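S.K.: Residues in the sequence shown are numbered consecutively from 1, following this note's numbering.
The hints are simulated quantities; they were obtained by calculation from the structure and are not laboratory data. Keep in mind it's a predicted model, so treat the numbers as computed, not measured. Where hints are given, some of them may not hold.
Unchecked claim - Here are the simulated distance ranges between beta carbons:
#: 1; residue 1: 118; residue 2: 169; range: 35 to 45 Å
#: 2; residue 1: 129; residue 2: 183; range: 20 to 30 Å
#: 3; residue 1: 63; residue 2: 99; range: 45 to 55 Å
#: 4; residue 1: 268; residue 2: 118; range: 18 to 28 Å
#: 5; residue 1: 148; residue 2: 124; range: 29 to 39 Å
#: 6; residue 1: 132; residue 2: 94; range: 53 to 63 Å
#: 7; residue 1: 272; residue 2: 245; range: 37 to 47 Å
Unchecked claim - Subject to a maximum C-alpha distance of 30 Å in a straight line, what follows is the list of computed DSSO-like cross-link-like pairs (lysine-lysine):
#: 8; residue 1: 54; residue 2: 69
#: 9; residue 1: 203; residue 2: 264
#: 10; residue 1: 203; residue 2: 98
#: 11; residue 1: 200; residue 2: 275
#: 12; residue 1: 200; residue 2: 127
#: 13; residue 1: 256; residue 2: 210
#: 14; residue 1: 126; residue 2: 54
#: 15; residue 1: 117; residue 2: 179
#: 16; residue 1: 264; residue 2: 130
The beta-carbon is built from N, C-alpha and C at its ideal position, and this holds for glycine as well.
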Amino acid sequence: MARRKSSGAEISLFPFLSILVCVIGCLTMIIVFINLIQMNQGEGKDPEEVEVAKEYVEVKRKKKEDEVKLDDLRQLVENLIQDREDLRTKREKLRRLKELLASNEQIDSLRDELIAKLNQLMRMNKKLDKDKVDLLAEVKKLEEEIKKRKLPPDAAALRVQSSGSASNIEPYFVEIADKTILIHTSLNEPPLEIPSASLKQNKEFLDLLKKIGEQPYRKLIFLVRGNPASVANFNRANSTVTGFNRVSGSKILPGKLPLPGEGKVDLTVFAKFLK
1 MARRKSSGAE ISLFPFLSIL VCVIGCLTMI IVFINLIQMN QGEGKDPEEV EVAKEYVEVK
61 RKKKEDEVKL DDLRQLVENL IQDREDLRTK REKLRRLKEL LASNEQIDSL RDELIAKLNQ
121 LMRMNKKLDK DKVDLLAEVK KLEEEIKKRK LPPDAAALRV QSSGSASNIE PYFVEIADKT
181 ILIHTSLNEP PLEIPSASLK QNKEFLDLLK KIGEQPYRKL IFLVRGNPAS VANFNRANST
241 VTGFNRVSGS KILPGKLPLP GEGKVDLTVF AKFLK
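Turn these sequences into a full structure, and let the hints guide you.
M.R.: Put into structure tokens, the structure is as follows:
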């Protein structure tokens, strides 16, 4: 085939194409070389280094597991601390409830005792009210009787004489009337009047018995009016003295002097023992 001849000068592309082909070839070789290096990355390492790397990975994994377990343990400890606080609070509440229960039982016991004493006082008060009504009725009856008989309102005084048998005796006089007793402590002041129904609980009478029982030379003398009611009242007073001796260990032996009449008691003979 005949080559066509150009009429002018031609440009040759060989150098450019050669350079391009060379560059492409170099790049291809570089890519292949890099892939081979990556494929054979672990083949050329020391077995000890590989083992160390594996251990590192395992340790890291265990560390994560331990961190999870540690978090669980922290939560468990916090729960135990909270449970302990709750238990302490419950124990404190239980202690307070026990104290409150014991206090309530003591209050109930005291309340029952106070109710019993209140009932006793109410019964005693009713009896005293009844005795007061009886006394007022008896006084009124006696006043009417005095008016009928046209007797003087005051009877002659009854002088109590000393027997003279024992000059070292210090006497204490208690007059026994129908439903009361009268403790004589003074010539100028009226005697202390105590209803016989409350004799066993009366502080003044019990204090008198205590004072007499402290010394052997002190003597209790009952001045008994001459009527059946006074005699019955004397037996009640004497029984109270006997009960006091039994409880306190005293040895009070009361004497007895009759009062023949309804006049006022005259104790001027014993003025040195009275106020």
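S.K.: Indicate, hint by hint, whether the structure satisfies it.
M.R.: Against the structure, the hints:
Under the hint 35 to 45 Å, the C-beta atoms of residue 118 and residue 169, about 43 Å apart, fit the expected range. Restraint check, residue 129 to residue 183: a C-beta distance of roughly 22 Å satisfies the suggested window 20 to 30 Å. Taken as a hint, the range 45 to 55 Å holds for the pair residue 63 and residue 99, whose Cβ atoms sit roughly 53 Å apart. The hinted window of 18 to 28 Å between residue 268 and residue 118 is violated, with their beta carbons roughly 45 Å apart.
Residue 148 and residue 124 have their C-beta atoms about 35 Å apart, which keeps the hinted 29 to 39 Å range intact. Residue 132 and residue 94 have their C-beta atoms about 55 Å apart, which keeps the hinted 53 to 63 Å range intact. Between residue 272 and residue 245 the C-beta distance comes to about 27 Å, which lies outside the given range of 37 to 47 Å. A C-alpha spacing of about 22 Å is found between residue 54 and residue 69, which places the hinted pair at or below 30 Å, so the restraint holds.
Between residue 203 and residue 264, the direct Cα distance comes to roughly 25 Å. Compliance with the 30 Å bound is thereby established for this hinted pair. Restraint check for residue 203 and residue 98: the C-alpha separation of about 40 Å exceeds 30 Å, so the hint is violated. Taking the CA atoms of residue 200 and residue 275, the gap is near 26 Å; set against the 30 Å cutoff, the hint holds. Restraint check for residue 200 and residue 127: the C-alpha separation of about 14 Å stays at or below 30 Å, so the hint holds.
With a C-alpha separation of about 19 Å, the suggested pair residue 256 and residue 210 falls inside the 30 Å cut-off, and the hint holds. Restraint check for residue 126 and residue 54: not satisfied, since their Cα atoms lie roughly 105 Å apart, outside the 30 Å limit. Note on residue 117 and residue 179: the hinted pairing holds, with a Cα-Cα distance of about 24 Å set against a maximum of 30 Å. Only pairs whose Cα atoms come within 30 Å are accepted, and residue 264 paired with residue 130 is accepted, the gap being roughly 25 Å.
In summary, the structure is inconsistent with hints 4, 7, 10, 14 from the numbered list given earlier, while agreeing with the others.
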